[in-house]
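Novice: Those protein sequence lines, which keep their order, are chains B and D. So the first sequence is numbered by numbering that gives the first Met the number 0: it starts at 0 and just counts up by one. So the second sequence is numbered by numbering that gives the first Met the number 0: it starts at 0 and just counts up by one.
Just to be clear, a hint being listed does not mean it is correct.
Stated by the list, open to error - Keeping only pairs whose Cα atoms sit at most 25 Å apart, straight-line, the calculated BS3-like set for lysine-lysine is:
#, chain 1, residue 1, chain 2, residue 2
1, D, K2, B, K72
2, D, K47, B, K51
3, D, K2, B, K22
4, D, K47, B, K44
5, B, K74, B, K34
6, D, K47, D, K2
7, D, K3, B, K73
8, B, K73, B, K22
Stated by the list, open to error - From the derived model, a few chain B residues whose C-beta atoms are all more than 10 Å from chain D:
#, residue
9, G10
10, I17
11, A47
What the hints assert, rightly or not - One side of the interface only, derived from the structure: several residues of chain D facing chain B at Cβ under 8 Å:
#, residue
12, A28
13, L29
14, M66
15, I111
16, G145
Because the hints were derived from the structure by calculation, they are not lab data. None of the values given here were measured: they were computed from a predicted structure. Glycine included, each C-beta is placed from N, C-alpha and C at the ideal position.
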Amino acid sequence: MNFDKELDARGLNCPLPILRTKKALAEIAAGQVLKITATDPGAVKDMAAFAKQTGNELLSSAEAGGEYVFFMKKK
Amino acid sequence: MSKKLAIIATKGTLDWAYPPYILASTAAALGYEVEVFFTFYGLSLLKKDVSGLKVSPLGNPAMPMKMPFGPDWFQKINWNIPNAIMSIVPGFETLATSLMKQTIKNNGVASIAELRELCQEAEVRFVACQMTVELFGFDHSEFIDGVEYAGAAKFFEFAGEADINLFI
């Protein structure tokens, strides 16, 4: 999937992946896509909850080899 | 209009420093307007230097005592030390605190100073209870900048309109 900015949140734990995501989204324009990589298993539900409450769109959420990759489109 | 979260922070130990700052920073990231009212021991969380916050295993039977170093099997051991022994060993709290800090670091959990800074960046409002500041003989200069000093009525001004109120 294409993306405009990448955030490496690996090794970080709650609530840092969410706080860094919020910060990274502030640096891209509406409609652009942020790719986030995390290792915190709690981030899976948290990213979905963050998207739902902020109106940003979680395009995909996947796990591969202990890493979680998210694509979020800025509102 | 954005949702509002009001928190009262009353505890001044390293472990209890986390919930108010984690919830405040996360709520701010979700678009909440957040105000934290610090009172009694919670005032310690506003000190310029929070590196002195300690965690006490005393009277806290749910606290796991695990070593944050060594081989995997060793780290999994829960050192079930009776309270009676903890209380007579000098420096036990300091030891437990340094082990806790190492565990926090190993797990990629943010420091209190870092979370607090993130709260301030996100415009979380900090209000310190003036009555307890005086009661404990603190001076405003001991606290970080950007703190408002007020009483219980100020808390209710915001809390009365808040969607979520938490006492921590």
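Novice: Hint by hint, say whether it matches the structure.
Specialist: Tested hints:
1. Taking the CA atoms of K2(D) and K72(B), the gap is near 23 Å; set against the 25 Å cutoff, the hint holds.
2. Simply put, K47(D) and K51(B) have alpha-carbon atoms about 36 Å apart, too far for the 25 Å limit, and the pair is violated.
3. Between the alpha carbons of K2(D) and K22(B) the distance comes to roughly 20 Å, so the proposed pair stays at or under 25 Å and holds.
4. Distance hint between K47(D) and K44(B) is unfulfilled; the C-alpha atoms sit about 34 Å from each other, more than 25 Å.
5. For a cut-off of 25 Å, the pair hint linking K74(B) to K34(B) stands: about 15 Å separates their Cα positions.
6. With a CA separation close to 29 Å, the supplied pair K47(D) and K2(D) exceeds the 25 Å bound.
7. For the hint linking K3(D) to K73(B), the alpha-carbon distance of about 23 Å falls within 25 Å, and the restraint holds.
8. With a CA separation close to 12 Å, the supplied pair K73(B) and K22(B) stays within the 25 Å bound.
9. A beta-carbon of chain D comes within 10 Å of the beta-carbon of G10(B); the shortest separation is about 5 Å.
10. Its closest Cβ contact with chain D, about 6 Å, brings I17(B) to no more than 10 Å, contrary to its assignment away from the interface.
11. No beta-carbon of chain D is positioned within 10 Å of the beta-carbon of A47(B); the least distance is around 13 Å.
12. The criterion of a C-beta within 8 Å of any C-beta in chain B is met by A28(D), whose closest approach is roughly 4 Å, and the hint holds.
13. At about 5 Å, the closest approach between the beta carbon of L29(D) and any beta carbon in chain B falls short of 8 Å, and the interface hint on this residue holds.
14. The beta carbon of M66(D) is not positioned within 8 Å of any beta carbon in chain B (closest approach about 19 Å), and the interface hint is therefore violated.
15. The interface hint given for I111(D) is broken, as the beta carbon of that residue sits about 13 Å from the closest beta carbon of chain B, more than 8 Å.
16. For G145(D), the suggested interface contact is broken, since its CB lies about 18 Å from the closest CB of chain B, more than 8 Å.
Hint compliance for this structure: hints 2, 4, 6, 9, 10, 14, 15, 16 are broken, all remaining hints hold.
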